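Using the sequences and the hints, build the whole thing.
Protein chains: 2
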Amino acid sequence: MRQYETFELHFTENENHENAFECNISAEFTCGEEKKVVRGFYDGEGVYKIRFLPRKPGEYTWKVSGIVNAEGHEYCDPADEAHHGMVKAVDTHFEFEDGTRFIPFGTTVYALAHQEDALVEETLKTLGAAPFNKIRMCVFPKDYLYNKNEPPCYAFEKKADGAFDASRPCIQFWLRFENILDRITAMGIQVDLILFHPYDRWGFDAMQQADNYIYLDYLLRRLAAKPGIWWSLANEYDLSRTKSLRDWEEIEEYVAKNDPYGHLLSCHNCFCHWDTKRENVTHASLQTKSLTEIPRWIKECKKPVMIDECCYEGNLPQFWGSLSAREMVFRFWRTFASGAYCTHGETYLSDDDVVWWAKGGVLKGESPRRIAFLREIMESLPGPLVPADGGIVELAQMSPEEMEKGMAQQPEDLRDFIRMIAASIGRMRVDDRTAHIGGEHEWAAHVGEEAFLWFNDLMCFGEQTLRLPEDGHFRVELIDVWEMTRTVIEEDVSGETIIRLPGKEGLAVLAMKM
Amino acid sequence: MRQYETFELHFTENENHENAFECNISAEFTCGEEKKVVRGFYDGEGVYKIRFLPRKPGEYTWKVSGIVNAEGHEYCDPADEAHHGMVKAVDTHFEFEDGTRFIPFGTTVYALAHQEDALVEETLKTLGAAPFNKIRMCVFPKDYLYNKNEPPCYAFEKKADGAFDASRPCIQFWLRFENILDRITAMGIQVDLILFHPYDRWGFDAMQQADNYIYLDYLLRRLAAKPGIWWSLANEYDLSRTKSLRDWEEIEEYVAKNDPYGHLLSCHNCFCHWDTKRENVTHASLQTKSLTEIPRWIKECKKPVMIDECCYEGNLPQFWGSLSAREMVFRFWRTFASGAYCTHGETYLSDDDVVWWAKGGVLKGESPRRIAFLREIMESLPGPLVPADGGIVELAQMSPEEMEKGMAQQPEDLRDFIRMIAASIGRMRVDDRTAHIGGEHEWAAHVGEEAFLWFNDLMCFGEQTLRLPEDGHFRVELIDVWEMTRTVIEEDVSGETIIRLPGKEGLAVLAMKM
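Residue numbers (the numbering used here), protein chains in the order written: chain A, 1 to 514; chain B, 1 to 514.
Simulated from the structure, these hints should not be mistaken for lab results. A few of these clues could be false.
Copies of one chain are not kept apart here, so a pair can be met inside one copy or by any two copies together.
[Claimed, not checked] Simulated pairs of lysine-lysine, BS3-like, Cα-Cα distance not exceeding 30 Å: (1) K56 x K302; (2) K36 x K63; (3) K303 x K125; (4) K504 x K364; (5) K159 x K504.
Since this is a predicted model, take the numbers as computed values, not measurements.
Right, here's the structure in full:
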């Protein structure tokens, strides 16, 4: 047993049970005064397994009860350098359990596990060399444009009438699936596992809620002890033709309640965001192209915000799959320079319909190496970025009382002018105001007083005034996000600092305390 | 006297009057059963002038009364080919009085008339070779960043205490100003004349309302008979430190009431749009970067929508003055492909602070020749573009009743899905919904069933499905808006048509009936 690594007990019990998959088998693990009960699962051929994730080192005793009765003890070694525990949401960023920072750089291969072995192998090889440390992928196969192939196997066996039987997991599927998950997480890539999705011709999206629970129960017993998995309740929950909002809420509650470890949990939207303020939700997982709204969302939900779909690099005939590599890279920078996290996807038309975004294979695009460049910079920061305060966004959202409170810090001759602007903004319709503020958004974030990042996006400034703390010694770098160059343009500056810029799109400015 | 050209009567009257500028002199012009009374103005050195704009040919008699009494008659010849009358708003587009289409392609030289003669000459020369047929410029001088120079003269004489006296126009100013206006309009460029603006150190923005009326009275008597002028009440009305919303409304009412001809009239905002539904307002003159909202605004105000400020091509340190040429061009295409009209401006840093946007001089940018290319295409269309109906925008704005009414035209198996989408959109907060819809906006407009335009913007489609009328014969052109190329890619197609595209940004597709 080693801290942060899945510990597994095996038992063979050949006696027949009514339904081996809903078996009554659990173990109590005790370490000092801490006890945790985890349930086991049937793995076929008479084998029952119980998996446990130890999160601190020390002497453990375990006691199995139910259809098997047994007990034992194990010494749990402290974690090795490769294992940091589960990723947790801390304030508006992510950390591993041991405190190591985790900055997600995601991609999507939604139907990865539903492709033939050769393609899966190719995908894993590509992932091994790619800059991504998070992947969104589905338990169930995908029926959609460019996704019409049958998977090698399914999560459940079929009933006599040909319908899938949620109460009989297909062991062959789960072994294969688990192997893929394990190989991905072993590469340091977190799996944002999509539990339901609406692109379905097999009936997995149309199961009764009771069957949804049976499926989730098995999945949680089987997978919850794996530290590298996040629960994504859905891709585009609001496109499911069969589940009501209340159904989704119950699913959320079921997963949270039956997960012994508290994995990250989110729910991905098409239109209306899942309510990220709900207690079980650890972070926002948003489909959106409206990146200017990120600071507001971070402020509202007070949790990490993942932009889990902002269109994909590619040339599909759909707006969601036809970003240039440049625009994909710019969207990453906009997102990170707003204090949030971004997910990549790639959708180049292909004669054989092997499109990375859903099936994997090889990456053809120009964005991944620029995302690697961004990742390197983000990992060099002294801490997590949070969006810059102030500006027109704040002003627009203030009550008159709040505004007057803040006014004391404004120069006296500007106060009437600020009140006048606020009055004009206040007269705007909400839709006009939202659009207006979005149009004037500045992409700016900072790490306390330690580091300041501006992504200048399409603005071709010939010069720029940085407002740095008066008492620091800052080094200022000019970053060309497409050309992937970093140039130190100022050393040892502080306070209001005017820098000269070459007047082109796609530049970022990073000021870091020396 | 000639139709659509200013007719002028001169009288010399050396007797002293209390205030020659507020003189009582007017003329009644009669043509058949139509009578129009126009007031005259003092032009200095004892000269009083009355200007009249005849709008139809025929025999006119005129009778002057007030401090001068005189009468006479003139035959008004029909217009020559160079004169089309005033520009009028018709539905959501513009036409000259004689029915000739006018498609505005604007630029700004706000303080054009407040520069020294040599610079004014250079600006007029530049305008003569530029693609612009509308210019926004101010009556009053400008005090702002890069605008600190004193003008050669001012609209008013000064009082003994050094303050400007609205009741004593400076004839030298008005003669010079008028000459500039006349030379610009003679080049076929409409002058969108800005009557007030807040960038002021001389007090022109801080006059009492009574003085505002005295100034407007003189201006209207002097300039209203010139057909090439539009009244822009303000640039950024809501940044005036001295005028309340009610003051502005009164100014609007005063101008509309005292203009005998009904020139185009608008009011330009910084934040909250001027209420374009007001009766005196002929069209929207918007500062906005939120071009995705254009179809909604057109639908709401049912008048032409001019995007009179969407940032400028340049490299200033401000977000509003640092667009790349490409982005300026793209914003023009987005605007036109939404059924609206767009205004250019150029703001390159310059050692002598001569920045085109406010002072004129020469154009340095790369957008004007691409705007010329767009203008050529727009002028080749069989009529005015209106934004495409339908799509998610419409759905989001429908009441449940409207939605059910439209549902009958939808395939039966899609209706529940559409209802579900509408429900999710309906649950969104207004700000989230606005941002969402903006993020998925398609730039598409059409001229009836005759022509269809899509601007694909950043979308790098490898193919695209056009939904053309079933019964037409369409020629499809692929337009590269930056490279300025037009390539016929389909001939004689109709109905659903799939076209192959090269997967790059900045392409437009134009399908026109052959």
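Against the structure, the hints:
no., hint, in the structure
1, K56 x K302, "within (28 Å within a copy, 68 Å between copies)"
2, K36 x K63, "within (11 Å within a copy, 104 Å between copies)"
3, K303 x K125, "neither (33 Å within a copy, 58 Å between copies)"
4, K504 x K364, "both (26 Å within a copy, 15 Å between copies)"
5, K159 x K504, "neither (62 Å within a copy, 49 Å between copies)"
Going down the numbered hints, you'll see the structure goes against 3, 5, while the others check out.
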